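Chemist: Listed below, chain by chain, are the residues.
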Amino acid sequence: MADLIAVLPRRDLVLKAAVHAAALVVALAFAALLWDVIGQGLSRLSWSFLTTEPRSSGRLGGIAPIIISTVLLLLVAITVATPLAIGTAVLLVDFVRTGSLGARIVSMSLDILAGVPSIVFGLFGNAFFAIYLGLGFSILSGGLTLACMALPIMIRSTEIGLRAVPDDWRRGTAALGMTKTSALRHILLPAAAPAIIAGLMLGIGRAAAETAALVFTSGYVDRMPGSLFDSGRSIAVHIYDLTMNVAGGEKSAYAAALVLVGLLVIINAIALALSHHVLRKRITQ
Amino acid sequence: MYRSKVDGYVGTGLAMVGGVCTLLVLTIALFLLRESWSVVQGVGLRRFLTDSAWNPTEKRFGLAPMLLASVATAIGAIVIAAPLGIGSAIYSRFYAGRQAARIQRAIVTLMAGIPSVVFGLWGLVALVPLINKIMPPGTSLLAAMLVLALMILPTVALTADAALATVPMPLQQGAAALGLSREAMIAHVLVPAARSGIVAGILLSLGRALGETMAVLMVAGNVVQVPTSVFEPVRTLTANVALEMAYAVGDHRASLFVSGLALTLIVAALAVASWRLSEARSHG
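Residue numbers (our numbering), protein chains in the order written: chain V, 1 to 285; chain R, 1 to 284.
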């Protein structure tokens with residue numbers, strides 16, 4: 001108690017000032033970064049930037065093939081990860097008891113996966129998908145690697161969405177004599193759908209921002225991909241390449257960064273709106 | 001438990017799906033080991049720490065300077081990001097009005113979504129020239145620390161915010177009833193009560209910082225050396241993998257997998273520690 005009473009108003013002021021300064025520094029750093037990206041990016045961004053092929057290693061021209069490659073990479077990742085994510089989340093919430101051995105093993109695997117650094121996913125994807133499975137440097141290798149990376153966050157948020165469905169509903173379906181399967185199909189999954197989609201969007205956002213895992217799996221090629229077995233360069237890899245390996249590529253890098261950040265903001269906004277929608281429904285029930 | 005046959009089948013199917021995650025973890029571990037095995041067996045793990053230089057094509061495998069660089073950048077980043085992140089969380093929870101708190105949280109959340117290459121790009125174009133003015137060459141340990149600090153700031157802030165949110169209301173009311181000032185409450189009651197959650201968040205961020213590749217690679221200068229000041233360029237373990245993987249073969253490639261394996265073990269240990277702490281909190 002003694003030290004509580006000994007607290008001096010002057011120390012109060014110091015803490016107050018420090019807290020406000022910290023909040024201000026965070027906001028200013030963010031503003032500086034965003035200002036730079038928007039300011040420098042807008043000067044180069046145009047409709048033709050989005051719709052033409054890069055020329056002179058990306059210094060000139062646009063990023064059309066790179067956008068297509070990014071979309072394909074994300075599509076592969078979603079297609080593979082979505083069923084796995086929803087299945088695992090349903091398993092954890094409705095089919096195994098919390099704290100049972102099975103649930104603990106799956107949970108622990110997810111925690112480990114979530115902690116693996118992205119460059120290590122890149123090493124793994126290169127050794128396993130590209131070389132061992134013989135997929136080579138391709139959009140398929142990259143997309144599968146991204147799926148592995150996005151899996152934990154997708155499962156966790158789907159799980160949260162399913163757990164948010166009131167247990168009364170589960171008891172109600174049991175009282176009606178519904179099987180768990182039909183309860184899930186007709187009641188629980190539809191009720192949790194916005195949260196599930198929000199979770200999937202978060203996973204996609206994570207995948208879209210990724211660079212390190214893609215450099216050795218989907219590769220560097222900046223031509224329009226002809227199939228999923230072609231190498232394709234994602235926007236993030238394009239930004240990296242322009243910044244590090246192309247002298248005078250900064251302007252284009254900023255424009256590509258603006259496109260990528262814009263894409264991510266849209267994805268996150270959808271995820272946020274959907275999860276708010278769920279919360280609001282929970283409250284008004 | 002299973003009443004109907006259908007549920008039995010579906011349950012079995014889902015168990016197999018859930019097994020995929022566990023299988024994936026095992027496969028990753030297996031492949032990292034498999035790819036690094038030749039060098040572990042032929043050269044031995046000790047030489048990765050004791051060899052004086054990193055020149056794998058000439059059989060010199062000293063990873064120590066890069067390990068040191070990784071640890072130094074991560075710790076530097078935490079030292080910068082922790083006070084800022086915790087301060088920002090305290091602000092949005094105890095000082096800001098409704099609207100200001102919402103804006104502060106939105107900023108932090110948006111920042112969390114910005115890709116690491118964008119941080120790297122900004123660091124290289126905006127930050128490195130500034131550091132270069134103070135002390136060339138600009139691409140340096142300091143630049144890496146600052147960019148990493150910005151990147152992990154949202155993680156620190158969001159986890160600290162969440163930890164502060166779980167402090168029981170009666171504690172706050174009791175402190176207020178004792179006539180404590182808001183600052184005394186924060187410093188002596190609320191932050192100590194949320195300590196384990198805040199520390200868990202810091203450990204998590206430390207793991208992020210150690211595992212980050214691209215942003216660091218873009219601003220750190222990538223010279224393999226033990227830095228004598230924060231203005232000297234360094235190369236981290238992750239950057240080394242990203243830089244050399246493209247052309248590495250044989251023992252060289254295997255030694256990159258060894259560094260990947262080492263990195264994973266360090267980050268996993270931090271994740272386990274962080275998880276233990278938050279478990280302890282939720283039971284305590």
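Take the hints with a grain of salt, since some may be wrong.
What the hints assert, rightly or not - Here are the in silico distance ranges between beta carbons for each label pair: (1) R:Thr12 / V:Gly262: 24 to 34 Å; (2) V:Asp167 / R:Pro83: 38 to 48 Å; (3) V:Leu272 / R:Gly174: 30 to 40 Å; (4) R:Val79 / V:Ser227: 44 to 54 Å; (5) R:Gln99 / V:Gly102: 26 to 36 Å; (6) V:His20 / R:Met169: 36 to 46 Å.
What the hints contain is simulated information worked out from the structure, not anything from laboratory work. None of the values given here were measured: they were computed from a predicted structure. For every residue, glycine included, the Cβ atom is placed at its ideal position computed from N, Cα and C.
Chemist: Determine for every hint whether it applies to the structure shown.
Modeler: Hint check results:
1. R:Thr12 / V:Gly262: 24 to 34 Å: Once the Cβ atoms are compared, 44 Å apart, the range 24 to 34 Å for Gly262 (chain V) and Thr12 (chain R) is violated.
2. V:Asp167 / R:Pro83: 38 to 48 Å: This hint holds: roughly 42 Å between Cβ atoms.
3. V:Leu272 / R:Gly174: 30 to 40 Å: With Cβ atoms ~35 Å apart, the hint holds.
4. R:Val79 / V:Ser227: 44 to 54 Å: 48 Å Cβ-Cβ, so the 44 to 54 Å window holds.
5. R:Gln99 / V:Gly102: 26 to 36 Å: Given about 46 Å between the Cβ atoms, the range is violated.
6. V:His20 / R:Met169: 36 to 46 Å: Roughly 25 Å apart at Cβ, these two residues miss the hinted range, so it is violated.
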